[in-house]
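Number of protein chains: 2
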Amino acid sequence: MRCEVIAVGTELLLGQIVDTNSSYIGEQLAEVGIDSHFQTKVGDNADRMRASIELALSRSEAVILCGGLGPTQDDITRNVIAEVMGVELEQRQDLVERIENMFGSRGRTMPKNNLLQAQVPAGAEPIPVMPGTAPGLVCPFGDGQVIYAVPGVPWEMRKMIDEFVLPDLRERAGITSVIRSRVIRTWGQSESGLAEMLGDEIDRLDESGEATIAFLASGIEGLKVRVTAKADTEAEVIALLDAEEVRVRAIIGDGIVFGLDDQTMETVVVDLCREHGLKLGLAESLTGGLIAQRITQHPGVSDVFQGSIVSYADSVKNDVLGIDGAPAISEDGAIRMAEGAARALGADATIAVTGVAGPSPAGGHDVGTVFMATHLDGETRVLRVEWPFDRRRIREFTCITALNELRKRLLAR
Amino acid sequence: MRCEVIAVGTELLLGQIVDTNSSYIGEQLAEVGIDSHFQTKVGDNADRMRASIELALSRSEAVILCGGLGPTQDDITRNVIAEVMGVELEQRQDLVERIENMFGSRGRTMPKNNLLQAQVPAGAEPIPVMPGTAPGLVCPFGDGQVIYAVPGVPWEMRKMIDEFVLPDLRERAGITSVIRSRVIRTWGQSESGLAEMLGDEIDRLDESGEATIAFLASGIEGLKVRVTAKADTEAEVIALLDAEEVRVRAIIGDGIVFGLDDQTMETVVVDLCREHGLKLGLAESLTGGLIAQRITQHPGVSDVFQGSIVSYADSVKNDVLGIDGAPAISEDGAIRMAEGAARALGADATIAVTGVAGPSPAGGHDVGTVFMATHLDGETRVLRVEWPFDRRRIREFTCITALNELRKRLLAR
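Protein sequences, first through last, are from chains F and D.
In short: position in the first sequence from 1, add 1076, done, that's our numbering.
In short: position in the second sequence from 1, add 1076, done, that's our numbering.
Don't take every hint at face value.
All copies of an identical chain are treated as equivalent in the list; a pair is satisfied when it fits inside any one copy or across any two copies.
In silico lysine to any residue, SDA-like type, Cα no more than 20 Å apart, as pairs [to be verified]:
1. Lys1300 to Gln1092
2. Lys1300 to Asp1276
3. Lys1235 to Leu1090
4. Lys1300 to Ile1093
5. Lys1484 to Val1461
6. Lys1235 to Val1108
Quick caveat, the hints were computed from the structure, so don't treat them as lab data.
Generate the whole structure from the sequences, applying the supplied hints.
This is the structure in structure tokens:
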């Protein structure tokens, strides 16, 4: 089964919006084992949309159209699909009522334009999952082919894809096997280093077919090792992933692995602090609030996270953190910042960061020189790194590395 | 002149990487007045790449291929273009030397694989702009058509597109007019509010053809009003934009406009502080370091920005900021935080933020309730807002709004 994705919208071609929808759909299709060989962006133009759909139907069994289902004159996806199918649009009374109810429940009356959204090509059906006011469409075509239409609004699109389109595609393709992935999140080894360590295991998997391994460098999110397996049942596939995770961990070492799937370095550190009953605090110069920002974007951290002293000016390092005249960019400076943050914030575990983000050298150090200190159980340790990066990456790599230093100490506690 | 974009790479179809390159190229093409009707993603597969290129050449005069120019076996863009052109690849000695020199200047020897990158289809030329080790290609095709190939690495791609492909395309298309845009950045009005205010002016422009106006809601970056004009010379187009900017500012008011083009709310506030000789400080609870992070991502702010007290825990609000028992989420709490930040950080102008980011209510307030205080010239003012948003947007909209409050006070000073 092959499925193409067509993202509809002139604003996509003009680069005013980046097409992340196709990437999401492509990722999900790959997860369930359906090939997607072409993905196209086309503007809100009937002739070119029709040409794109017909081309896709000439080389794939299924097509997912994304966008153009709104209530305005520009939204012509419904009309073009009807043309391609050679049928008329029909107004569906059940959809009229459903859309009216949605507006009603928000205390608004439905604008007349929204009636357009209740139109469905004859022979097609609305997608039963309908998170917003734009119904999706599932449209049979020719001899067993299918055209889906989903809205361009990302959260509406995702819900329809996950809950209807993917299961429907799997059923049509006769796929009964279950494919699942697990992301093993790492920090502390390069992509080529990990590939070398796991080389023999990847060769073994190539032969056995139990699972596949892929790497994805994700900046501040670390380096992801993705294990994918296929089996007849959910239980079997989970068992395969469990076994493979054990093997990968044994090979690359638990120090390198910091989490799984949606776990981030900051949530892992916060969770470890909570387990140990420790309050966490920061002193940030180089990262300028980035670490605190990463931690506080997650809800439910306030029982652990005390705060951060973003000490950009040297006077703040002296007055608030009490580094007592130590050079601001130095091992000693970082150590005193970490200890000062513990005092000022009432924190048990602290991280302090100081260094040169660039673009110019500072304090006698080259761009990329960074000192990271961790303070725990009355002991402060410091790490010096020279990053060969630009400003943004120096800050991001410092953020994940500094958190990782504390993580390793908490694990060893 | 029509130009299609083909992004090459299986990782794009699998959604492992979002294709931002096509969006960038699409935006640049629109800027110079070249239509792009289709943009395609295709995997590293010779047959499907060839089909995509041939299709694009059947409906457009120019094609830009992006990706697949690296030194590995997967990188087959060069080979497929040669096939489409019906010619052989030729090794170019000038490129061999250039690539060897690049490795040499970094103190490394060139791996043998990189020799592949010195191959050029007969009749094609390397793009003279070459920021990395992957040469781009400009390949004549048929009767006046052209195929460009640029690397998938974004910064290499951008430099080649900006400095070679766009000027070359304009020359081929015989475009001598100059198109320029200016982004007028605003905060404090909704998109529909701005559209209503500017309705008559947009109608006038539709008739006169002097310029066009478009809106783009950009979250934490504010709401952008983009003015685009076309003229025979750079001087004329700048004059048109200057005149239109004056009219737009007169209509929507200077309080709403905070900057132009690449200016951000945080750089504008830092620049205003610098002009007034003021030191800037923050006290962040709800935003948890986000405002400080935004400010410090720009280099050269350390003469103005003192730092931020990220006071997530109430004890930090009391101990470091000295809010003296005021409720943490209240007008009074925000005011005392702003004043405490001025004392603790030695700052003349401060912003303080406290509130409920959710997902649960807190301190007797609903999710979205936010208090923002600004302290300047010994006077502290506070704004209360109820955002109907999720956690991420509550934090982001608070960030730009709080900075904007200080901006307005600095302007009125």
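Okay, the hints, checked on the actual structure:
Only between protomers do Lys1300 and Gln1092 lie at most 20 Å apart by alpha-carbon distance; the minimum there is 11 Å, versus 30 Å within a single protomer. Proximity of Lys1300 and Asp1276 under a CA criterion of 20 Å is satisfied intra-copy only: 18 Å inside one chain copy versus 53 Å between copies. For the homomeric pair Lys1235 and Leu1090, the shortest alpha-carbon distance between copies (19 Å) is at most 20 Å, but the shortest distance inside one copy (27 Å) is not. Taking the closest pair of Cα atoms, Lys1300 and Ile1093 come within 20 Å of each other only across two copies (13 Å); inside a single copy the shortest separation is 27 Å, beyond that limit.
For a Cα distance limit of 20 Å, the shortest separation of Lys1484 from Val1461 inside one copy, 17 Å, qualifies, whereas the shortest one across copies, 41 Å, does not. Taking CA atoms no more than 20 Å apart as the test, Lys1235 paired with Val1108 passes inside one copy only; the shortest distance there is 16 Å, against 38 Å between copies.
Going through the hint list in order, the structure satisfies each hint without exception.
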